[in-house]
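Number of protein chains: 2
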Amino acid sequence: MNNELQTFTAEMLPVLEQEMRSILRADRANDAFYGMMHYHMGWVNAELQPVEVAAGKRIRPLLCLLITQAAGGNWQQAVPAAAAIELLHNFSLIHDDIEDASPTRRGRETLWKIWGIEQAINSGDAMFALAHLAMTRLADRGVDPAIVIHALRRFDETCVALTEGQHADMAFEKRSEVSVADYLAMITGKTAVLLGLCGELGALIAGQPQNIVEHYAQFGQHLGLAFQVKDDILGIWGDESRTGKSAATDIITKKKTLPVLYGLSKSTALRDLYQQTQTDETFVRKTIEHLNQLGAREYATDIAISYSNTALEHLHAAQPAGLAAQALHQLAEMLLKRDY
Amino acid sequence: MNNELQTFTAEMLPVLEQEMRSILRADRANDAFYGMMHYHMGWVNAELQPVEVAAGKRIRPLLCLLITQAAGGNWQQAVPAAAAIELLHNFSLIHDDIEDASPTRRGRETLWKIWGIEQAINSGDAMFALAHLAMTRLADRGVDPAIVIHALRRFDETCVALTEGQHADMAFEKRSEVSVADYLAMITGKTAVLLGLCGELGALIAGQPQNIVEHYAQFGQHLGLAFQVKDDILGIWGDESRTGKSAATDIITKKKTLPVLYGLSKSTALRDLYQQTQTDETFVRKTIEHLNQLGAREYATDIAISYSNTALEHLHAAQPAGLAAQALHQLAEMLLKRDY
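For the record, the sequence lines run as chains G and V. Under the working numbering, the residues of the first sequence are numbered 16 to 355, in order. Under the working numbering, the residues of the second sequence are numbered 16 to 355, in order.
Don't take each hint at face value.
Which copy is meant is left open, so a pair is good if it fits within one copy or across any two.
[Unchecked claim] In the DSBU-like style, the derived pairs of lysine-lysine whose C-alpha atoms are separated by at most 35 Å in a straight line are:
| no. | residue 1 | residue 2 |
| --- | --- | --- |
| 1 | Lys269 | Lys352 |
| 2 | Lys128 | Lys189 |
| 3 | Lys128 | Lys281 |
| 4 | Lys128 | Lys269 |
| 5 | Lys281 | Lys352 |
| 6 | Lys281 | Lys301 |
| 7 | Lys271 | Lys128 |
| 8 | Lys301 | Lys270 |
| 9 | Lys270 | Lys189 |
| 10 | Lys281 | Lys269 |
| 11 | Lys189 | Lys301 |
| 12 | Lys128 | Lys270 |
| 13 | Lys352 | Lys301 |
Quick caveat, the hints were computed from the structure, so don't treat them as lab data.
With the hints as extra help, turn the sequences into a complete structure.
Right under this line is the structure:
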């Protein structure tokens with residue numbers, strides 16, 4: 016499928032990657048300090064030798080760059096912001112992996128697993144600082160200083176929201192009662208605000224007025240919400256061969272995702288079932304039966320569709336233009352596709 | 016002793032404290048998320064109830080504010096930067112305490128000890144983001160946007176240096192050979208650059224040209240180096256009744272400080288002694304005998320004096336003016352006083 020999204024992606028990603036390597040001091044990739052960060056980015060192996068591994072999908076920076084272009088700006092000017100967002104995302108992954116005690120990510124050992132928790136905390140801190148340095152590079156690309164400061168303020172307000180979302184997520188693990196409203200607030204902070212930031216910074220750098228900036232921000236944020244809820248549905252009813260994620264994973268780990276929280280709020284029988292510690296095949300089968308009877312899948316699907324529609328309404332209201340607007344629609348379609 | 020330093024301190028600290036409380040959302044001190052940060056700052060207890068405890072000495076923000084004033088600026092304008100520096104320092108303490116597994120700080124339990132490592136990592140991240148938000152407030156005080164961006168860049172370059180210093184410090188624990196040069200580079204990153212930043216931001220906000228900014232930066236950095244080496248000397252030969260730190264602490268913990276590294280580089284006998292795992296009274300007595308014979312105390316004292324002199328030369332070259340200049344000299348004197 017040869018479309019605008021592919022054309023832009025092929026043009027933008029190498030430039031983005033180059034910018035990130037420059038910020039993470041490619042000249043010092045052999046130093047242990049920078050090397051650990053290069054490992055996390057998928058550029059070197061644990062011996063700090065160059066490798067080619069499947070890196071992240073870079074959805075966030077791509078969204079930011081496409082919005083700059085579709086909002087009448089020049090995507091090249093927004094590259095430092097796109098790099099900053101991707102580094103911010105990766106800093107949060109380094110710390111999340113410690114906090115969640117995850118031994119692997121994208122099929123590779125996590126930073127803390129190789130270099131220890133102490134060094135991994137510090138490595139995340141360094142990447143957080145470097146993400147900010149990336150943002151200050153906007154000034155070197157001719158972005159108006161007042162816009163750079165405004166963008167930096169929104170960058171850090173978003174960081175605070177991310178940590179508040181992560182705080183809530185960790186607190187939920189220890190709470191027996193979590194409402195659907197609490198959950199939606201948590202995923203807004205933990206994942207959606209960062210996609211909102213992509214829209215916001217892209218439009219700001221393109222020089223758009225506040226009402227258009229807000230439409231792009233809301234587009235990004237609702238795209239993030241819709242995508243997260245879709246991920247929740249796939250975590251229970253997903254087709255392993257298509258999602259690459261083993262079906263019912265979220266039931267086995269008793270993860271408190273939207274369909275489960277809805278089910279728990281509606282059924283005493285399901286709450287009783289969730290008291291048991293063993294999560295064997297029978298537990299999984301019974302849970303899914305309960306959720307199906309309660310209409311949890313339809314409930315979550317309706318919410319995902321509602322978020323998708325809101326996202327697209329904001330995109331429409333923002334009046335994106337040119338080939339980049341086509342690419343934006345294609346990116347949204349790809350993320351929101353109902354493959355469940 | 017009623018002097019200029021005391022007068023400025025009494026005037027500045029309440030304003031600084033007010034700014035930090037505003038950034039850390041005093042209106043949400045009862046929320047677990049902000050409450051943990053308020054606990055670390057010494058404003059509430061573990062039950063999030065207001066308390067009065069001995070907070071940090073706030074040396075860094077005081078240095079920044081005095082330099083702004085002595086460099087011809089208005090210290091009120093620099094309050095957001097001073098608050099940002101103190102919050103940055105405190106974020107690093109939250110993470111250092113996890114990395115060093117320290118159960119207490121200033122006589123109170125550390126954040127991770129009360130709320131767990133996961134939440135403490137996240138709480139540090141939040142404070143790091145909030146420190147940046149404090150910096151962006153400079154724009155609201157009428158500081159020129161180009162200066163705000165320059166200050167933010169230096170702020171984050173300093174953060175990177177701090178994490179690189181912390182990386183080296185942790186790596187040293189596991190290395191058998193650490194040179195004096197490696198050590199001095201490590202303490203430059205881990206502590207001195209932050210005092211350098213105080214000088215730099217103070218002079219930048221006062222609108223000084225680059226050569227004067229550099230003198231203030233070098234003044235702060237060498238002040239930090241001198242103070243750290245002095246601390247190393249007190250950690251071995253300090254008078255417990257005056258320092259509040261038990262004498263020879265650093266020998267018992269086999270900490271690789273300047274006098275010890277110098278001794279190890281000069282004496283095979285001391286290297287052999289440091290192979291033993293038990294650090295009893297005999298070990299401490301023998302180590303100090305070795306260090307005394309090797310002239311390690313005089314060696315470290317000479318280095319501290321040399322750093323002190325360099326600091327004062329840069330302060331002189333910066334040509335500070337007015338009562339704030341007097342206060343700056345008094346602050347330097349207080350920090351550099353040879354009470355060993």
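Item to complete: Please name the hints from earlier in the document that this structure breaks, with their numbers sorted from lowest to highest.
Response: 3
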